[in-house]
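Enquirer: For the record, the sequence lines run as chains A and B. So in this note's numbering the end of the first sequence lands on 581, straight run, no missing numbers. So in this note's numbering the end of the second sequence lands on 1072, straight run, no missing numbers.
Be aware that a few hints might be false.
Claimed, not checked - Covered by chain A, according to a simulated footprint, are these stretches of chain B (three or more residues, beta-carbon under 8 Å):
(1) 1014–1026
(2) 1030–1041
(3) 1044–1052
(4) 1055–1069
Quick caveat, the hints were computed from the structure, so don't treat them as lab data. Quick reminder that beta carbons are idealized off the backbone N, C-alpha and C, glycines included.
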Amino acid sequence: MDYETHEVRDIDVLVIGGGIAATFAAIKAKEAGARRVVQVDKGTVGKTGNSCFAAGVVHVCFPEDDLDDRLLRLTRAQGFLAQQDLIRDHLQESYPILEDMRRYGVRFVMNSDGTYRRMAGRGAYPIVMFYSTQLMDALRQKAQAIGVEQVNRLYVTGLLTRNGEAVGAVGFHQHTGDFYVFKARATVLATGSTYYKGIHPGHKDCTADGFGMAYRIGATLCGGEQNDQPANAMPARVDVGPGMNKWMGEGGVFLNTKGERFMERYSPKLKERSGLPQIIAFFCIEARMGRAPIYMDARHLGPENMERLYQMLPLPQREFESIGVVKDGKFQKQVEFCPTGPTTRPGVVVDRNYASRIARLFAAGEACSPSAVVTGLAAAATSGARAGISAARCAGQSNGIFEDSGLVAELRDQAYKPLAKSGGFEPDHVLLELQETVIPYDILLLRESSRMERALKRVETIRDQDLPMLGAYDLHYLRLCHEIRNLVLTAELQLKAAIQRKETRNILREDYPYTDNVNWLKWIMVRKEGDKQKWWTEDIPIETYPVAPKREVELAYLWRVPRDLGIVSIQDGRVQWEFEK
Amino acid sequence: MGIRKVDIKLCIGCNVCVDVCPLDVIRLDPVSNKAYIKYLRDCQSCFLCEVECPEDAIEVVAVHERRMVTAW
């Protein structure tokens, strides 16, 4: 390969990613005094990942809200596996961050007296609304205005280390093919999570790149099996979304194949506005009983609802129009919904400064473990801000920039390797195999040991036999090859962690229907040590946290509800489906 | 069907669609200086190109570009 190598030196803070966590990290690093801040994205900053398609909704803890109650709810949503000190920091900082965004030029829906208009969304607290893609446009421009250097279309393939410290990153430009070496005093990973490129428009570039990069340099990861959002729910057969929060907030309902509004049965109080663990679990139970497909019915929404939807969700509404679901400003048809690919994430373990366990490496947003960062824009922003400030401080305390000792040449060879294999496997072929292994709902959303073991075997086969054969026709396919490597690793870590957690917490497990608060208030950790994978658990310091569950073993709430409805019974410690008797 | 077409009569070669596409689907032809769909199968129907095109030259339809693996 005769692509040129460019060195970008003397960087104080290198930020990898182009969403809200990354852009906040870059802005706050700069504001905290970092001289040279470089933000690198594989797409274009602000037009990439989850953030620019976020469904117009942000969950902010207002000064008048009950912070303790919100902490309790978020902690419960995470099945008590949260790092509660970080969650409290996030809640406290979410309102100042909202004000920052407004100062940076982000437009929110306001009342006539200049206060934020708060509306019902999913969950118990009202949400704040913004105008779709304008949010990330404003943040990108703010970053540029204060001197953040943004490099677009650059796919980062790996992190650089020296003596166990992170000292930058390398990658290739997808249009020119040139190789870039970024030498930095501090690095922030804000590369998001993944949905395995399943149904979820606007998210097919979320390919778990950060998990792969962090894992390969020996960072500790955690949370592959459990989080506050096991999956999302999206229109199943068309490319529309996301927007469930708003469609349900405005009054949309879910119907099963018999036309029953089943969420009324399972969750009489919040119904379709229940949390995602509930929605996903009850979707899966309906499907298991043969009552799928599931439809969203929003045909009854009136002009006021529709006007708000058009304001907050211009892209999804446009998508619905393009296929005739919405016509003349009204929903005309029901829309089939189903869960996306599983979204638990083996994220980077971080402390309150969002520092990883590798010196000089920080993480933000969904690149972090789910115990540290809850799903959603607000937590991505607050974690990004903290990570940026911490990284700037770290850079300020450091002198040298490392000199190359052959590592760069090795990383360069690895980066281009699939290009030399023109007769190799197409990355799409491997992706399809992986999707068929992990996306079906009865693998990671409705769990059971033997099914997960079988899926893991298939993932290991893909890892050992397919990945070495990957070939790229050109630079576009080269990116896809690297993405699929990271996806396969993520699936492996996710399944291994899920098999280890022998209980039902936020995600249904048929062979372990109990929530075990005696033995399983633990985080499952993993790290690469040489060629080996090291797994261990760490106790959650629950005694030091404000919120704790009773230390007992009890039937999980998600199984208690269907048991009380006569759908399942528990026999010999396992779930028995009544309809199968 | 994802991105259906770039109307080359309307395209002014401004590169906006190339920049905003998260999946690198669209490229600019260096000879004609017009946008064209290079990697159709990767289109995710996000509509960014359609809404940001200053000349309304792009049409997208929100149907999967490939057969999707779904939860059921």
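Enquirer: Which hint numbers does the structure go against, in order from smallest to largest?
Expert: none
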